[in-house]
Amino acid sequence: MRKYLLSTLRELDWSLLALTLLLSGSGLIAIYSIEVQHGTSAGYFGRQGIWTILGTFLFFTAFFVPRKVLHNVAYIAYGVGIFMLLIPLAIKGDGAVSRWISIGSFGIQPSEFMKIFLLVGLAKYFADHKRRLSSIKELMTPMAMTLAPTILVLLQPDLGTALVYLATLIVVIFWAGIRPLYFFLLLAPAVSMLAAFQTLSFFLWMGLIIVVLYFGNLPFWTKIFNFVINVVLGGVTNVLWAFLKPYQQQRILSLFDSESDPLGAGYQVSQSLTAFGSGGPFGKGFGEGTQTHLKFLPEQHTDFIMTVIGEELGFIGVMFVIGLFYILIARLIAQAYSVKYRFDSVILIGVAAIFVFHTFINLGMIVGIMPVTGIPLPFISYGGSFMFTAMLLVGLSANMAKSRRAV
Amino acid sequence: MLQGKNIVEGWRALLIQGLLALIFLILVGRYYYLMIVFHEKYAEKATANHIRAVPVLASRGVIFDRDGKLIVDNAPSYTISVIPIEVKNKSESLERLSQVMDISLEEINRRIVKNRRGSFAPAKVFSRVPFEKISHLQEHRLELIGVTYSIEPIRNYISNLDLTHSLGYTREINRDDLDSFSKDLDYQPGDQVGWKGLEKYYEAELHGQRGFRYIEVNALGQEIGEVADRRPINPIPGHDLYLSLDSYLQKAVEEAMDDSSGSVVFLNHKTGEILAYVSSPGYPLELLSGRISSKDWNALITDPRKPLYDRSIQGLYPAGSTIKPVAAMFSLENFEDATKRTYVCRGSYRLGNRSFGCWKKSGHGKVNLHQAIEQSCNVYFFNLIQDIGLEGWSNMAREFGFGVLSGIDIPRENKGLVPDTRYMNRKYGERKWTKGNLLNIVIGQGDVLVTPVQLAQFAGMIAQKGVGYRPHFVNKVVAKDGTIIQDIQSIVDHTIEASEESWQFIHDGMHAVVNAKKGTAKAARQKNWEVYGKTGTAQNSHGEDHAWFIGFSLDDAFPYSWAVLLENGGGGGGKAAPFVGKVLRKMARRNN
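As you go down the protein sequences, you meet chains A and B in turn. Every letter in the first sequence is one number past the one before it in this note's numbering, and letter 132, counting from 1, is 132. Every letter in the second sequence is one number past the one before it in this note's numbering, and letter 344, counting from 1, is 344.
Keep in mind that the hints were calculated from the coordinates and are not lab data. What you are looking at is a predicted structure, and each value in this text was computed from that prediction instead of being measured. Positions of the beta carbon are idealized from the N, C-alpha and C atoms, including for glycine. Incorrect hints may have been included.
Unchecked claim - Covered by chain B, according to a simulated footprint, are these stretches of chain A (three or more residues, beta-carbon under 8 Å): (1) 147 to 159; (2) 223 to 233; (3) 274 to 288; (4) 314 to 324; (5) 327 to 336; (6) 339 to 345.
Just need the whole structure built from these sequences, with the hints factored in.
Below is the structure:
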C-alpha cells in the first residue's frame, strides 16, 4: 500500500497542486480582507480555510484512486449522484431552498458533486464505446445521461449548474471525435433558440443553417428534419422564456444593460464595475476597498469575490488570478491530448470544460459581459461543496495525467 | 475496454486551446478596458458612491430699515424629514409619525414623493414643528426608523410693522416649482425661497449659497461618519438688504390707516426711495411662510377685502381729479393764453344731448386754470380737453409715468392704462367713441387706470419739476462681511422739459388746493411748512367712491411725495386729505 502511494506520488504533476493552492490562497486573502475590515466574525475565513485543507485531502484522495476502480464504479457513482439530486427535490415541500441537503450543521449541494459523477460516467461511456460518433443514435446515451441531472437541477431551479452539465457534455462530445457537421447540427437548436430573440439574427442564422445543410453530406430527409427542428425551436423560444422564473429572466436581461436599473437586477453588476474600475492598475491596497467594505456589493464573498481582489489589488491582482486559471486549464487540455487512455483524456477535457465554463461565466458576469447566473469561481469563491468538487476534479485530473501516450 | 487508446486528432486539441486563449483574451481585454482605460471614471463613481454631500443651508440675508434697524431676521425652526429607503417596507414608522403629528398617512406619503431627492436623502415632511412634538418624537425614536429632524432657519419678523406686501414671504419650493428657478442657484426641493415682494425680487441676493459636509455612507445609506480627508464647504450666507423704508413714517401711516381698505405710498421725490408703503388689509406674513392650512388659505382667498392683493402696485383705479395737472401742464406748455383762459362753470357741461356734471352742482362760475386746479373744477377741464385732444393728453400722461411700469423693485406690478386713439378705436371701434369719452378721461374717469405708486411718482415729478425717479425700496445690498455688493443708485426714468413758469404755476395751484380758502384739501395743511396737493374722487361702480389725495412737500426735512387711496372713502377732500394731515403732523413732531 505504502509502496503504491509513494510510487504514485512520484508521478504527481505538482504544478496542478501548486496552481490549485495559489488560487485557493488568493480566495482566502480576499475573504480575509472582507472579514477583517468588516470587523464581523461571520467565520467565513475560518471555514473557507478548513475547506481548503479538507479539499487538499480530497485532491489526494482523488489522485490515489486507481483508474480501474474509478472506471468500475463510474455508473454506480452516477446513479448515486442522481439519487442525491432527488433528495432536495423530495423535501422541497416546506418552501426552503432546495439545493441543499443538510447533514448536521453543514449543508451540501449534491448538484456540485454531480459534476464529477456525470463526467466520470461520460468518460466511462466514451471509453467503453470507442465509436466515431457518426450517427445521432450513438449520442443518445451520453445525452440522456446529461439531460437527467440537467433537468433535475433546473427544477431546483439552478440554471447555472444545468448549463455546466451541458457545457461538459458538448466539450466531451467534441473531444470524443464527433464529425464537425454533426457537432454543428447538435448545437444548432440551442443557437436557434437564442437567435429567435431578435428577428434579424434569427433569419441570418437560418440562412447559415440552410447553407450548411445544402453542402453537408447528409440524406435529404435528414436535412429537412434538421431544418424544421431549428425553425420550430426558434418559434417556441418565447413560450419557453415564459417558463423561466422572473428573476432568471431579469438576470439574463440585465446582461444587456447593467446600468439601466441600478437598484434592480443590474445593481450588483453596476457596483461591481465600479469596484473594478476604481481599483485601477494597482488597486486601492489590501483592505482599502470602499466598494466592497461599505457593503455596496452583496454576495461579495461568493460570486462577486473577485471584486475584492480587483478593487484592492488592482489589474495586477486580477491578471495574476486569471493567469493562474489560464495556465491550469491550458495544462489540463494539453494533458487531455497527451494521455494514453481515452477514459483519462475525457476526464481531463471534461474538468477543463467545467473550469473554463466557471471561470468565463463568473469572471465575465462580474464585469457585465455574461449574465448573472450565480456561478461561483473555482477555489476563490466562498463555499464548501464547490471547493470540494473543484479539489476532487483537479485531483482526478492529476490522477489521469499520470499516463502518457507514446508520442 | 479501459485500455482504449486515446486517439484525439491534433486539430481538435488546437482548436480547443485556441478557444481557451480567445476566451481569456476577451476577459483580459475587458478587465484592461475597465481597470486601466476607464479607471478614472469609475474612481470618481466609487467616491460619489460612498460619500454623501450633506447640504448645509446658508442663512438668508436679513433686512434693515433706512436707519439700520433690523426688520427681518432668521430664527431656528424644527423640520421633520423621512429617509425614503429606510421607511420603504416599514409602514409602522410612518403610522407612528402620522399619529404623533396628527396628519393622515396619505398626506405624509404625498409629501415624501413631493420633496424626494433620492432614496437615501431625507425628504422634508414637516416644517416649523413645535418643540413639544420634537421631544415627543425623540421619546419614540426607536419606533420611528427613517424619521429624522433637523433645525433650519426660517424668517422671523421683528418689527411690528405691516409690511405684508412690500416684504412678501418665503416659501418652501417643491419638485414642481424647481423648473421655474434659475439653475445657477442650485435649488433643492424643500428650500426656502422668496415667493412674493422684496423677498422674491431680491431672491438671488438674499439666498446665499449652500455649503456641504461630506459624510461617508454605506450601501444602505447609513451614515458612518464625517469624511476625514475632505474639507466641508462652508455655506455663504445671503446678502443683507438695507431698505429706504422709514419705520416711523410707516408706523404713522399704518396708524392713520387703521382698519380701512386702501393704499398709501410715500416716497422721497429727490431719490425715488420709498419711505412708507401700505396696502390694506394685509395678512400676517408668518401665516404664509411655511405651510399654511387649507382653512387659512381659503379664508384668505375668499376674503372680500382681498388681503392677498397688493393695491399699491397691482390695484388699478380711476385716478379721478388727481390727474388734472396733466391737462394743465399740456395747456401751459402749448397754449399761449393758458394762464388767462377762463371758462364758465354752471355745474355741468353739455355735449350734444348729454350733460357732464361738475362736482359742485351750483357751479364754480368763471374760473381760470389756477382756480380750476384749486377747486378741482371739472367743467374747466371739459372745455380744455376739447383743445388738447386725446393724443396730446395721453402723450403727456405717459411722460408723467402713467400707463407704464414704474419699475419699482417689487414683482408683479400692473402698468395701468392710458387710453390713446389706437386703444379707443380698438375698444369702441373707429369713430364709435366720442368726445364724451374724452371728457371722462381728462378728469381721470372712464378708461384711465392708475396704480397708487404711479400717482405717488407723479406727485414727486411735479415736486421735482419734471424729474421722475424710479421708485425703489432697497438702497444697498451688503455682504455679511460689510462689503457693499450693490449700491442702488437713484435712476431718473422720466423727464419733462417744461418751463419753470409752468411748473411754478402748477405748484401754486396745488399749494392753493391745500392752503387757499376754497382749496379742497385744507385738512392737510401744516402749521410751519408748505404742503402741496391734489384731491381726487374715483367713481367706483361697486360702491361708494374711492378717495384720493396726492401731494408733496418741498421742505428739506420732509422731501415727501405721496399718494393716498382710501377705498370707499368718499370725496378725496373729505377723508384722504385729513389722513395726510395727521401723518404729516406726526412726522413734524418727530423732527422736533
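Original post:
Quick check: which numbered hints come out false for this structure?
Top reply: 1, 2
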